[in-house]
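Those sequence lines, one after another, are chains A and F. Quick note: the first sequence uses this note's numbering, first residue 1, plus one each step. Quick note: the second sequence uses this note's numbering, first residue 1, plus one each step.
Do not take every clue at face value.
Stated by the list, open to error - Across the chosen pairs, the derived CB separations fall in these ranges: (1) A:Pro54 <-> F:His178: 38 to 46 Å; (2) A:Asp128 <-> F:Glu49: 17 to 25 Å; (3) A:Pro147 <-> F:Ser139: 45 to 53 Å; (4) A:Ser170 <-> F:Ala183: 30 to 38 Å; (5) F:Gly149 <-> A:Ala160: 31 to 39 Å; (6) F:His178 <-> A:Asp176: 45 to 53 Å; (7) F:Pro161 <-> A:Ala74: 34 to 42 Å; (8) F:Asp102 <-> A:Val32: 26 to 34 Å; (9) F:Glu147 <-> A:Gly156: 55 to 63 Å; (10) F:Ile93 <-> A:Val32: 19 to 27 Å; (11) A:Gly156 <-> F:Asn140: 26 to 34 Å; (12) A:Arg101 <-> F:Ile93: 30 to 38 Å.
If you are wondering where the hints come from, they were derived from the structure by calculation, not from laboratory data. Don't be surprised by glycine CBs; every beta carbon is placed ideally from N, CA and C.
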Amino acid sequence: MDKLKPAPAIPDQQPEPPAGPAALPFTDTKPVGAADFYFAINATFRFIEKEFGPEGLRRYWQDLGSRYYAQVTASWKRGGLPGVADYWRAFFAAEPGAEVRVEASPGQVSLDVRVCPAFKHLRGQRRDIVPSFCQHCCFVSEAMAAPAGFTVRVQGGNGACRQTFLPLASAPPPQDLAQIKEAA
Amino acid sequence: MIGVYDFCGHYDWTFEWLRAQGGEALLRRYWDEAIHRDSQRHASRLIAERGFAGMAEYWGHTLAHEGAGYHTTAAEGVFRIDMHQCPSKGFLIRNKLGAYHDYCDHCMGWIGPMLRQAGFAVDHEHNHRGQCWWEIRRSNDAAAPAEPGTLPGEQDVRQRPDWKPPGAGLDVYRHSNHPDDKAPGAT
Numbered sequence: 001m002d003k004l005k006p007a008p009a010i011p012d013q014q015p016e017p018p019a020g021p022a023a024l025p026f027t028d029t030k031p032v033g034a035a036d037f038y039f040a041i042n043a044t045f046r047f048i049e050k051e052f053g054p055e056g057l058r059r060y061w062q063d064l065g066s067r068y069y070a071q072v073t074a075s076w077k078r079g080g081l082p083g084v085a086d087y088w089r090a091f092f093a094a095e096p097g098a099e100v101r102v103e104a105s106p107g108q109v110s111l112d113v114r115v116c117p118a119f120k121h122l123r124g125q126r127r128d129i130v131p132s133f134c135q136h137c138c139f140v141s142e143a144m145a146a147p148a149g150f151t152v153r154v155q156g157g158n159g160a161c162r163q164t165f166l167p168l169a170s171a172p173p174p175q176d177l178a179q180i181k182e183a184a
Numbered sequence: 001m002i003g004v005y006d007f008c009g010h011y012d013w014t015f016e017w018l019r020a021q022g023g024e025a026l027l028r029r030y031w032d033e034a035i036h037r038d039s040q041r042h043a044s045r046l047i048a049e050r051g052f053a054g055m056a057e058y059w060g061h062t063l064a065h066e067g068a069g070y071h072t073t074a075a076e077g078v079f080r081i082d083m084h085q086c087p088s089k090g091f092l093i094r095n096k097l098g099a100y101h102d103y104c105d106h107c108m109g110w111i112g113p114m115l116r117q118a119g120f121a122v123d124h125e126h127n128h129r130g131q132c133w134w135e136i137r138r139s140n141d142a143a144a145p146a147e148p149g150t151l152p153g154e155q156d157v158r159q160r161p162d163w164k165p166p167g168a169g170l171d172v173y174r175h176s177n178h179p180d181d182k183a184p185g186a187t
C-alpha cells in the first residue's frame, strides 16, 4: 500500500445523457462489447497485482468503482433499487455471452450469474485467469454502491455466482471474502 | 463487474491511474508487459509466425469485432492500415471521456514493441480525432512511407478533408517501435 498514491482527480468525466441503453452511463455504436477485451481486463489485474500486491489491486478496483463509475452511483442514488436493477439488466445485455438473471424484490436486487461472460471467453481461449478475478465484482460494486446507500454481497464465483445488492441500512453481515471462489 | 461494452472508457481511466502511481514509465511498461505480452499474445504469436499474412489476419478480425471503419492494404514488403473511424478513440470522443492526456499513444505502446520483436518497424501518424495510418515494413527496410493517395488510393486517410483540422496536432512516427519516438516537429 505504501507505493500507492491517491487516485487521480479526473476531469471531463461528465458526458451528456446517453443515447443508447438508458441505464448505462456510456454508450457505444455497437450493441455488445468485443469479448477479446476480457483478455486486457485480466492482464491488467495481473499487472497491477504484480506491481502493487493484492492490496494495491483492491485499491485499483475501489478507485475504479468510486471514480470511473461515479455516474452509475449517482443514478443509483436517484433511482434506488429499481435503478440498480435497470443498470445491471442493461449492463449484462451488452456483455457478450452473459447469462444473468436480474431479480428485483422488495429490499434487494439479486444477480444470478449463471454464465460469467469473462470466464466464458477467457476459458474458451485458454487464458490463465487471475486467481482473485472474482473479487473485483465485490470491490468495484461496493465502491459504486456505498455512496448511493447500498452494499453488495457476493457468493460463488469461478464462472457463476450470486450478487445481492441491499440497502446499507439493512446492515447485513460483512462480506466474507472466503465466500468468493478463486479462479481455477 | 467491469465489462467490455465500455472497455475503452475504463482502459483510458486505467492509463491515468497507472501514470499517477508510477509515472509514464510504469504506463509504458504496462502497455508492453500487460497488453503486448499478456492480453494480445495471440497477436504477437500470429505476426511473429506469419509476418504480413498474420497482420492481415489479426487486424482483419480485431478491427471488425471492434466495429472500426478502416481499410487495409497489403503490398510487396508493406502492410498498411488506414483508420477512418477508430472505435476506441471514437468511444471516448462520443462520451466525452479523456482521463489520460494522450490515449492514442497506447497503440504504439503495445504494437510498437510487438512489431520490433517480430522484426518490423512502423511509420505512423494519428490526429487525435479517431483517424490514423500505419505502414509496417521489415526493420531492415528503410523505405519512406508512401505519398498520400499512392498506396491505398482513395482510402488514404490523409486525403480526408478533416485529417488535419485547425488546431489538431498530429503525432508522427518514422521507422519506430516506441510510443515516445515522436518525430521532431510532431505536435
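Hint check results:
1. Checking the proposed 38 to 46 Å range against Pro54 of chain A and His178 of chain F shows it is violated: the Cβ atoms sit about 32 Å from each other.
2. A hinted range of 17 to 25 Å for the beta carbons of Asp128 of chain A and Glu49 of chain F is consistent with their spacing of about 21 Å.
3. For Pro147 of chain A and Ser139 of chain F, the hinted distance range of 45 to 53 Å is satisfied, since their beta carbons lie about 51 Å from each other.
4. At roughly 60 Å, the beta carbons of Ser170 of chain A and Ala183 of chain F sit outside the given window of 30 to 38 Å.
5. Between Gly149 of chain F and Ala160 of chain A the beta carbon distance is about 54 Å. The supplied range of 31 to 39 Å is therefore violated.
6. In this structure, His178 of chain F and Asp176 of chain A meet the distance hint of 45 to 53 Å, their C-beta atoms being roughly 46 Å apart.
7. The supplied range of 34 to 42 Å is met by Pro161 of chain F and Ala74 of chain A, whose beta-carbon atoms lie about 39 Å from each other.
8. The hint said 26 to 34 Å for the Cβ distance between Asp102 of chain F and Val32 of chain A, and at roughly 28 Å that hint holds.
9. The hinted window of 55 to 63 Å between Glu147 of chain F and Gly156 of chain A holds, with their beta carbons roughly 59 Å apart.
10. Separation of Ile93 of chain F from Val32 of chain A is about 20 Å and conforms to the stated range, judged on CB atoms against 19 to 27 Å.
11. Taken as a hint, the range 26 to 34 Å is violated for the pair Gly156 of chain A and Asn140 of chain F, whose Cβ atoms sit roughly 54 Å apart.
12. The given range of 30 to 38 Å is respected by Arg101 of chain A and Ile93 of chain F, whose C-beta atoms sit roughly 35 Å from each other.
Hint compliance for this structure: hints 1, 4, 5, 11 are not met, and every other hint is.
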